[in-house]
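First to last, the sequence lines map onto chains A and B. Heads up: the first sequence is residues 1 to 265, going by this note's numbering. Heads up: the second sequence is residues 1 to 265, going by this note's numbering.
Since the hints were made in silico from the structure, they are not lab data. Do not take every clue at face value.
Said to hold, decoys possible - The calculated label-pair distances, taken between Cβ atoms and stated as ranges, are:
id: 1; chain 1: B; residue 1: N37; chain 2: A; residue 2: S252; range: 33 to 41 Å
id: 2; chain 1: B; residue 1: S141; chain 2: A; residue 2: E131; range: 34 to 42 Å
id: 3; chain 1: A; residue 1: S132; chain 2: B; residue 2: F250; range: 18 to 26 Å
Claimed, not checked - The calculated lysine-lysine pairs, modelled on DSS-like cross-linking and capped at a C-alpha distance of 27 Å, are:
id: 4; chain 1: A; residue 1: K13; chain 2: A; residue 2: K32
id: 5; chain 1: A; residue 1: K133; chain 2: A; residue 2: K102
id: 6; chain 1: A; residue 1: K80; chain 2: A; residue 2: K133
id: 7; chain 1: A; residue 1: K133; chain 2: A; residue 2: K90
id: 8; chain 1: B; residue 1: K262; chain 2: A; residue 2: K262
id: 9; chain 1: B; residue 1: K90; chain 2: B; residue 2: K133
id: 10; chain 1: A; residue 1: K262; chain 2: A; residue 2: K102
id: 11; chain 1: B; residue 1: K90; chain 2: A; residue 2: K133
id: 12; chain 1: A; residue 1: K32; chain 2: A; residue 2: K58
id: 13; chain 1: B; residue 1: K102; chain 2: B; residue 2: K52
id: 14; chain 1: A; residue 1: K16; chain 2: A; residue 2: K133
id: 15; chain 1: A; residue 1: K207; chain 2: B; residue 2: K262
id: 16; chain 1: B; residue 1: K207; chain 2: A; residue 2: K262
id: 17; chain 1: A; residue 1: K207; chain 2: B; residue 2: K207
id: 18; chain 1: A; residue 1: K80; chain 2: A; residue 2: K16
A virtual CB, placed ideally from N, CA and C, is assigned to each residue, including glycine.
Number of protein chains: 2
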Amino acid sequence: MQIVGELINSSRKAIKAAIDEENVEEIQNIAKQQHENGADFIDVNAGTFVGKEARYMKWLISTVQGAVDTPCCIDSPDPKVVEAALELHKGTPMINSISLEKERWDALLPVVAGSDLKVIALCMSDDGMPESKDDRLSIASDLINGLVKNNVPVENIYVDPLVQPISTNDSYGMEFMNAVEAIMAEFPGVHTICGLSNISYGLPERKLLNQTFVVMAICKGLDSAIINPLDRRMVANIHAAETLAGRDEFCSNYLMAYREGKLEL
Amino acid sequence: MQIVGELINSSRKAIKAAIDEENVEEIQNIAKQQHENGADFIDVNAGTFVGKEARYMKWLISTVQGAVDTPCCIDSPDPKVVEAALELHKGTPMINSISLEKERWDALLPVVAGSDLKVIALCMSDDGMPESKDDRLSIASDLINGLVKNNVPVENIYVDPLVQPISTNDSYGMEFMNAVEAIMAEFPGVHTICGLSNISYGLPERKLLNQTFVVMAICKGLDSAIINPLDRRMVANIHAAETLAGRDEFCSNYLMAYREGKLEL
Chain A
1 MQIVGELINS SRKAIKAAID EENVEEIQNI AKQQHENGAD FIDVNAGTFV GKEARYMKWL
61 ISTVQGAVDT PCCIDSPDPK VVEAALELHK GTPMINSISL EKERWDALLP VVAGSDLKVI
121 ALCMSDDGMP ESKDDRLSIA SDLINGLVKN NVPVENIYVD PLVQPISTND SYGMEFMNAV
181 EAIMAEFPGV HTICGLSNIS YGLPERKLLN QTFVVMAICK GLDSAIINPL DRRMVANIHA
241 AETLAGRDEF CSNYLMAYRE GKLEL
Chain B
1 MQIVGELINS SRKAIKAAID EENVEEIQNI AKQQHENGAD FIDVNAGTFV GKEARYMKWL
61 ISTVQGAVDT PCCIDSPDPK VVEAALELHK GTPMINSISL EKERWDALLP VVAGSDLKVI
121 ALCMSDDGMP ESKDDRLSIA SDLINGLVKN NVPVENIYVD PLVQPISTND SYGMEFMNAV
181 EAIMAEFPGV HTICGLSNIS YGLPERKLLN QTFVVMAICK GLDSAIINPL DRRMVANIHA
241 AETLAGRDEF CSNYLMAYRE GKLEL
């Protein structure tokens with residue numbers, strides 16, 4: 001499982017304040033904690049700073065990379081912000097995200113074409129949000145084929161089938177999970193990824209739903225997730241689910257996580 | 001989800017002692033607690049009392065039924081014990097379990113044939129334990145066809161595909177779950193059920209694995225389980241998983257569980 005640590009996002013109040021104050025220690029601490037708790041990428045998002053996003057994105061990247069070796073996940077729909085970030089990022093980052101919306105596709109494709117960037121490909125088109133498994137598979141197919149044609153290797157593509165709230169439609173959980181299964185079956189080598197919190201929007205005990213949903217998605221083939229690595233139950237559930245899904249030879253990752261105290265709740 | 005409460009089993013030390021002492025209050029308390037926490041059936045097992053199993057089974061049933069209206073799940077491979085239990089059980093119990101092992105099949109078939117009993121059909125044959133999804137599906141097919149031919153309605157059959165420890169083979173989790181999916185797809189109306197604890201045999205943090213495995217199995221279609229209803233995380237996971245699997249119109253069961261305090265952990 002590849003984990004993107006989601007905490008450094010300016011939509012979170014404490015992070016917005018830390019960015020505003022250019023509080024290096026605060027941002028570096030959160031980066032370190034996420035790294036220590038298993039993040040393979042550190043998401044960085046300065047999207048709430050309209051007009052100053054590029055400047056703060058660059059500050060975030062140099063701040064995070066001053067603390068950890070973990071690559072960043074550059075979280076912006078704006079190609080200018082992504083390009084500014086790429087200029088100073090050391091190593092190979094992830095881009096979050098391209099989509100099939102024409103404007104976004106046209107703007108970001110030149111940035112990722114022929115590169116070795118990891119690319120999150122969001123199942124969203126100008127027709128709006130996908131509802132069914134088939135909607136998602138169709139958009140995913142266009143995204144993957146379009147990226148591969150532009151020399152993005154399939155194994156660098158992370159399809160996000162787009163989680164929608166179960167409170168708005170009973171079937172949205174299974175439509176998402178069946179899309180994960182279909183995408184993984186149809187495009188060998190591709191990854192699937194998602195943020196989880198949308199699933200529980202509008203319902204109580206959201207953590208329980210998010211922690212449960214990730215387990216179900218892993219059962220259907222999900223191999224990456226954008227999560228809070230400091231949520232111990234979430235991380236423990238992921239370890240357990242991966243082992244139970246047969247992705248952990250001799251249960252050795254599970255046993256290592258246990259020895260490292262990561263399964264104590 | 002149909003829940004069989006597993007606690008009244010003589011292989012548990014405290015239960016064995018309570019049976020030995022014919023401690024009505026103790027057994028009735030455990031029956032009531034399981035009922036209040038959502039058990040649809042109360043499993044009763046006196047299997048450790050060799051030679052006295054029928055006598056204690058009868059005592060257990062009249063004791064449990066003196067406290068709750070929930071039907072029992074009569075847990076014995078011995079047709080004499082099952083028949084003795086059926087004589088005094090009020091309402092329609094579940095039988096745990098028939099299997100394809102010739103001796104057990106021949107002995108229990110006359111008891112369940114043409115009845116309205118709920119029957120757990122364990123995927124075990126004289127060839128031993130099943131390993132793959134296909135082994136399980138083949139045994140399940142023989143069990144279901146054999147029972148239906150003997151006038152057991154398909155909706156009274158609860159196939160247990162038999163959980164085996166993930167510590168002995170990395171693929172045992174997925175083989176089980178894929179069997180659940182295949183059985184539910186191939187035999188509309190049938191139920192699938194299982195006990196969970198075997199999955200985590202030989203590994204640390206067994207509760208975490210069991211609680212995670214039930215979520216994955218629900219994702220694949222499992223609609224019944226033999227669990228400890230007093231394990232709050234287990235019950236909360238089941239509520240969340242059912243809602244996420246699209247089995248809870250308007251999330252109403254989830255919201256009711258929340259209002260009843262069942263999702264607080």
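Cross-check of the supplied hints:
no. : hint                        : result
1   : B/N37 x A/S252: 33 to 41 Å  : holds (36 Å)
2   : B/S141 x A/E131: 34 to 42 Å : holds (35 Å)
3   : A/S132 x B/F250: 18 to 26 Å : holds (19 Å)
4   : A/K13 x A/K32               : holds (19 Å)
5   : A/K133 x A/K102             : holds (21 Å)
6   : A/K80 x A/K133              : violated (33 Å)
7   : A/K133 x A/K90              : violated (37 Å)
8   : B/K262 x A/K262             : holds (26 Å)
9   : B/K90 x B/K133              : violated (37 Å)
10  : A/K262 x A/K102             : violated (43 Å)
11  : B/K90 x A/K133              : violated (46 Å)
12  : A/K32 x A/K58               : holds (18 Å)
13  : B/K102 x B/K52              : holds (24 Å)
14  : A/K16 x A/K133              : violated (36 Å)
15  : A/K207 x B/K262             : holds (14 Å)
16  : B/K207 x A/K262             : holds (14 Å)
17  : A/K207 x B/K207             : holds (19 Å)
18  : A/K80 x A/K16               : holds (21 Å)
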